[in-house]
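Undergrad: So you can see what is in the structure, the chains are spelled out below.
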Amino acid sequence: MTTGTAGVVFVASLVVALVVAYRPFGDHLYRSVTGTRRSRLERGVFRLVGVNPAAEQSWGVYARSVLAFSAVSVLFLYALQRWQNHLWLSLGFDPVVPHGAWNTAVSFVTNTNWQWYAGESTMGHLVQMAGLAVQNFVSAAVGIAVAVALIRGFARSRTGEVGNFWVDLVRIVLRVLLPVAVLGALVLMLGGVVQNLSAGTDVTTLTGGAQSLPGGPVAGQEVIKELGTNGGGFYNANSAHPFENPTAWTNWVELFLILLIPFSLPRVLGRMVGQQRQGYAVVAVMAVLALGSIALTTGFELAGQGAVPQAVGAALEGKEVRFDVSDSATFGAVTTLTSTGAVNSFHDSYTALGGMMTLGNMMLGEVAPGGVGAGLYGLLVLAVITVFVAGLMVGRTPEYLGKKIGTREITFASLYFLVTPALVLIGTATAFATGNDVTALNTGPHGLTEVLYAFTSASNNNGSAFAGITVNTAWWNTALGLCMLLGRFLPIVFVLALAGSLARQAPVPASGGTLPTHRPLFVGMVVGVTVILVALTYLPALALGPLAEGL
Amino acid sequence: MRLPAWPAQHLAALRALLVFTALLGVAYPLALVAAGRLPGLDAKADGSLLTVDGRAVGSALIGQSFTDADGNPVPRYFQSRPSAAGDGYDPTASAASNLGPESVVDTLAADPRQSTRSLLSQVCARSRAVGLLDGVDGRRPYCTPDGVGAVLAVFRADGLTGRITRVVSVNQTAPATPFVASWQGVPVELAQPGEDYRAAGGLVTPVRGDAPEHPAVPADAVTASGSGLDPHISPAYAAIQVARVARERDADPAVVRRLVAEHTTGRALGFMGAPAVNVLELNLALDRNLPAR
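Residue numbers (this note's numbering), protein chains in the order written: chain A, 1 to 551; chain B, 552 to 844.
For the record, the hints were derived by calculation from the structure and aren't laboratory data.
Computed from a prediction, not measured in an experiment: that's the story for all the values here.
Just so you know, not all the hints are guaranteed correct.
Quick look at which bits of chain B chain A covers, simulated, 3 or more residues with Cβ under 8 Å [claimed, not checked]: (1) 587–601; (2) 640–653.
Ranges of calculated distance between the beta carbons of each label pair, as one might list FRET restraints [said to hold, decoys possible]: (3) T712(B) to G435(A): 52 to 60 Å; (4) R749(B) to I532(A): 31 to 39 Å; (5) V187(A) to A578(B): 16 to 24 Å; (6) G435(A) to P804(B): 55 to 63 Å; (7) A708(B) to G435(A): 46 to 54 Å; (8) G292(A) to P804(B): 31 to 39 Å; (9) D202(A) to N623(B): 47 to 55 Å; (10) D593(B) to G524(A): 50 to 58 Å; (11) R37(A) to P826(B): 24 to 32 Å; (12) E746(B) to I532(A): 42 to 50 Å.
Glycine is no exception: its CB is placed at the ideal position from the N, C-alpha and C atoms.
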């Protein structure tokens, strides 16, 4: 079997696994977020947290709860890093510098997991497991909770209530994330992912050299890093590191974990609005974009254009032998399509066009299928924009899932869409205007791509990098921290406002003027709107970077 | 509905965070550490250590350098891939090179230790070195015979167009010989340390040359991995090392080839990843079965 054929079978097997998981896992997600029976553990947690699980919240209260929880999380994570030298299991590391601690606290709370540091030489085991890994769970749960609140907006009518954030948070963590994480961690440990509290093992190599093998509670963090589409590596090399991703089959498992929740959430949409086909239509949009992107990324990498890949004979720089070019490129595409940002190969050394695909995947707005929750609410916003555009073009009444898309709704949807491009383009321009682009490793168009990639990754809450760029300066840590914060929470506020506005409406009965939103035509239109919006927004920037380099 | 006051919300947030920290940040990882003590799982949870006479010599999952104190290859061992982790295979600094596909121009200083080599020149130098060590043809496309990137800066009268006024081989300095004597009739100069020919308006032009399309030195032998800790090489890279290792150990190449085959894993389930040779395990097997003189 050639590399290309093996790569195709690899992707096909992932597709089959996700199709098989869609119904049972989607139904499990649905029951977890809509069920009213509470386990003893849940009742205990609600008592400790001090909330009444029966109380519902308006969108404003829901949003303030999200923001309060996130604010407290940032402060806690900041303090944990600044004081790690006084706590256990610090491995003798110094406190993290203030701007670095701010960046990392924001990064993990916003589900971005951008990393300016090398894990093995900066973060002690306690910060990793009691700080970073906890946020891997809860930031993922926040994303799913917000998506569910938006679905409630479509599903409910004539109410001011969109759910209870604390109930959603607790149930998603306890019923969805934790059980899958425990199971997945054990599977990864069978593959060789380490899980210990050791500070490392010093060995003398065969030729008499010294090597210090690291330890750490890696498996537990690795699994939620993928399942929650977080992406922050325990070690600097992330999922390229053999202790995080030891074999070709653990690589498959990690990809499956990344895609599992984002591709199953549309089932929740379908069930909550009472029309399965609406869920299928959303999955279809995600799948078309994702498969197209994976095919292009892998194709560009296998073609291996560019002076260095031509000299080498393959685009193998920054890639591991056990994953080969195709499984590495597939991972690169999936991690950027899902706002995960874990990497099993280094995007900076990809071919110019392969690297552009990873950048373009993030620029799609992380909707194909996007991060857990964030991907679904992002796509629903695009669907709202699509029915509006369709309404203008062919005179249909702008409705989606039985709700009228009026001025208020389209305002929130537009504001949602504008946040990240504004952050990306203003941020990149500011870096060049202030001379902070000089920390890029590569020169010329590739250096510009490194800067553009950093802001795209931070603002879209992805977290992967064209990692040649040095970002451990106060300017970069502050700027990217702001992008991550605004890129996460402004859209969340707009989404929840949209949810509140939709929930208040009375349902509109479908009429002859209603555009059916479950047919291939609509799927094609959402794909078109997504690609065109992205192309219009970013083409000039891409032309100066990867296109200039690759063409 | 009664709206909770905003301090109350933050108090609930803090309490929720503390509960989650206890559950997900302490109980969950410690339970997994405990599970990692189960027989069958413990060796893996501890890092798949390999031992010789009860002494750990490395991990089956983490690559090593098989070089002497000066960094030269120890010829009786199969060699790993190039590594960008610290000084090479340093697990405290896992890293990739992050150099891009068009990293082709070296930054040359008067003191060679101050120079930084482009990715292309690194590839060319590695290919040449492996070729010399293993007695195969080390030539590659876009490489000079002396093992740097074959790249010209071409100056034209009107910037991008016009007649050629000057041509510099940007990665070669004296006393080297330019890899081509002339380019479209214009003699090729050597680069001067400290000059930036791109900034001066030269068009960077990599030159493919007449190297074979499929170089004898495989791709993984000239590229650094993503982690810098890649424990594997391709079967092709192992194959060109067999003759040297057999010679150094006074062994039958067929026996060495058999050991390589025993330490080669195919694609998982036939389609995941790529066939790979675990270098440390192979070298340990060599030391057991064919001890050097």
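Undergrad: Hints numbered earlier in the text: which of these fail when held up against the supplied structure?
TA: 3, 7, 8, 9 and 11
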